[in-house]
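Number of protein chains: 2
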Amino acid sequence: MRYELYYWPGIQGRGEFVRLALEEGGADYVDFALRPEDEGGGAAAMMPFLEGEATQRPPFAPPFLRAARQVIGQTANILLFLGPRLGLAPREAAGRLWTHQLQLTIADFVVEIHDTHHPLGGSLYYEDQKPEAKRRAREFLAHRLPKFFGYFEKVIERNAGRGPWMVGSRLTYVDLSTAQVIAGLQYAFPNATREALRKRPRLERLHEAAFSRPRVRRYLESPRRLAFNNDDIFRRYPELGG
Amino acid sequence: MRYELYYWPGIQGRGEFVRLALEEGGADYVDFALRPEDEGGGAAAMMPFLEGEATQRPPFAPPFLRAARQVIGQTANILLFLGPRLGLAPREAAGRLWTHQLQLTIADFVVEIHDTHHPLGGSLYYEDQKPEAKRRAREFLAHRLPKFFGYFEKVIERNAGRGPWMVGSRLTYVDLSTAQVIAGLQYAFPNATREALRKRPRLERLHEAAFSRPRVRRYLESPRRLAFNNDDIFRRYPELGG
Chain E
817 MRYELYYWPG IQGRGEFVRL ALEEGGADYV DFALRPEDEG GGAAAMMPFL EGEATQRPPF
877 APPFLRAARQ VIGQTANILL FLGPRLGLAP REAAGRLWTH QLQLTIADFV VEIHDTHHPL
937 GGSLYYEDQK PEAKRRAREF LAHRLPKFFG YFEKVIERNA GRGPWMVGSR LTYVDLSTAQ
997 VIAGLQYAFP NATREALRKR PRLERLHEAA FSRPRVRRYL ESPRRLAFNN DDIFRRYPEL
1057 GG
Chain A
817 MRYELYYWPG IQGRGEFVRL ALEEGGADYV DFALRPEDEG GGAAAMMPFL EGEATQRPPF
877 APPFLRAARQ VIGQTANILL FLGPRLGLAP REAAGRLWTH QLQLTIADFV VEIHDTHHPL
937 GGSLYYEDQK PEAKRRAREF LAHRLPKFFG YFEKVIERNA GRGPWMVGSR LTYVDLSTAQ
997 VIAGLQYAFP NATREALRKR PRLERLHEAA FSRPRVRRYL ESPRRLAFNN DDIFRRYPEL
1057 GG
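Line by line, the protein sequences are chains E and A. In this text, residue positions in the first sequence follow the numbering used here: the first is 817, and each later residue adds one. In this text, residue positions in the second sequence follow the numbering used here: the first is 817, and each later residue adds one.
Be aware that a few hints might be false.
Identical chains blur together in the list; that is why a pair holds if it fits in one copy or across any two.
[Said to hold, decoys possible] Derived DSBU-like pairs: lysine-lysine, alpha-carbon spacing no greater than 30 Å straight-line:
#	residue 1	residue 2
1	Lys963	Lys950
2	Lys963	Lys946
3	Lys1015	Lys970
4	Lys950	Lys1015
5	Lys1015	Lys963
Quick caveat, the hints were computed from the structure, so don't treat them as lab data. If you're wondering where the values come from, they're calculated on a predicted model, not measured in any experiment.
Excised from the complex, chain E in its bound form (with noise of 0.2 Å):
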């Protein structure tokens, strides 16, 4: 099976959490944000499924994937998709479920993260709301970030499973997605992420051991890794402070 996977050009973004998965499932796959837009790819090989009548049921955004006949969106969806195909995911109901409200919170963080340089919304500039920007971003540090990693660091000690994971004692894909927060937190908010994962040595523990997965560094190494930049989820505004 060869997977198509659609998301916008330049950037990491919600696509990354899907690109992660299909290269540590060794997945057979083509990424057309990465294809020149003359060979068919880039931004315009998005717009028959999302604006014209390419599909019957029409992502609402990128990124989304094109799997034979099925397209299916949403970041979180589509690993539930990927994740027992690609080995991903536990094999039981229970565990897959648990792994899927896992990602859940970890799109409610993203959320959140993403909305500390974006609080009055994504159709004015970051330049159009910095003061917001800074409260946003006070609140986010001061609250949201110690309660997100308290928590996933208590899931990591619940699990019953051996190893650094979050689920049972395999690497599923919500640790990937994990380790690739953590590391746009530590972009974004350097110091204020150092100081939390001092406090998480479990969670620290998870995102070294997850990026240095073979498959995993390999690609991370490679030139289809984006770099974290400024137009992406993860920003770094120093007068945001963090």
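Given chain E's structure and the hints, the job is docking chain A onto it.
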């Protein structure tokens, strides 16, 4: 199977999406939010799960559902679990994934609706972020409400099934959730919602049809259905417009 639902007392909130499914599905369930504290209900009933050691797999936040030995969090995940059990999801895997994808898009919509009155985050009072709320609400009404409504209208239009629903020819949980969001928006932004629905007749019909189901109607007319109020996701603040 007797289900147990845990949520904040006094508001509909995200718990309401689960309640509507349980009611339409004719489920046997205990709603701990409606049970007095001195009978083991209320917010206190949730705390052992959220903060204590009552479960190995703790939810991040309410609502959560107890089903035998499973404790399931994240609204969309609870509905993913309940859907097939209550006859509120399609039979085939692709249809289930699509229904869940739509539910996750509803969840995104709900976050944006909430953020119209709390753009700077939930740890500050509305009164401390009023000017920001006005700007965010303006953006929401101008751009986001039409975008989400237009999307869901298109989904109904492209559905090959008979009837007013989003997926296939039978009501699913996402129809109930969509109807709930419309009802909430009618409370929060009555004029803007009326105007937006005038251009989306399918969405209006879905709302009427879902809320006219005998079990749903009986629930909505019962004292179990709490009124919309300004401690909730959907809030009526005339100064925010709409």
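30 Å Cα cut-off: does Lys963 pair with Lys946 within a copy, between copies, both or neither? This pair counts as both: shortest intra-copy Cα distance 24 Å, inter-copy 25 Å.
At most 30 Å between alpha carbons: which applies to Lys950 and Lys1015, within, between, both or neither? within (25 Å within a copy, 38 Å between copies)
If the cutoff is 30 Å on CA atoms, where do Lys1015 and Lys970 land: within, between, both or neither? Let me know, please. within (12 Å within a copy, 48 Å between copies)
Between copies, within a copy, both or neither: which fits Lys1015 and Lys963 at Cα up to 30 Å? within (12 Å within a copy, 42 Å between copies)
Between Lys963 and Lys950, at a C-alpha cutoff of 30 Å, which is it: within one copy, between copies, both, or neither? Intra 19 Å, inter 28 Å, cutoff 30 Å: intra and inter.
Every hint, counting from the list given before, is met by this structure.
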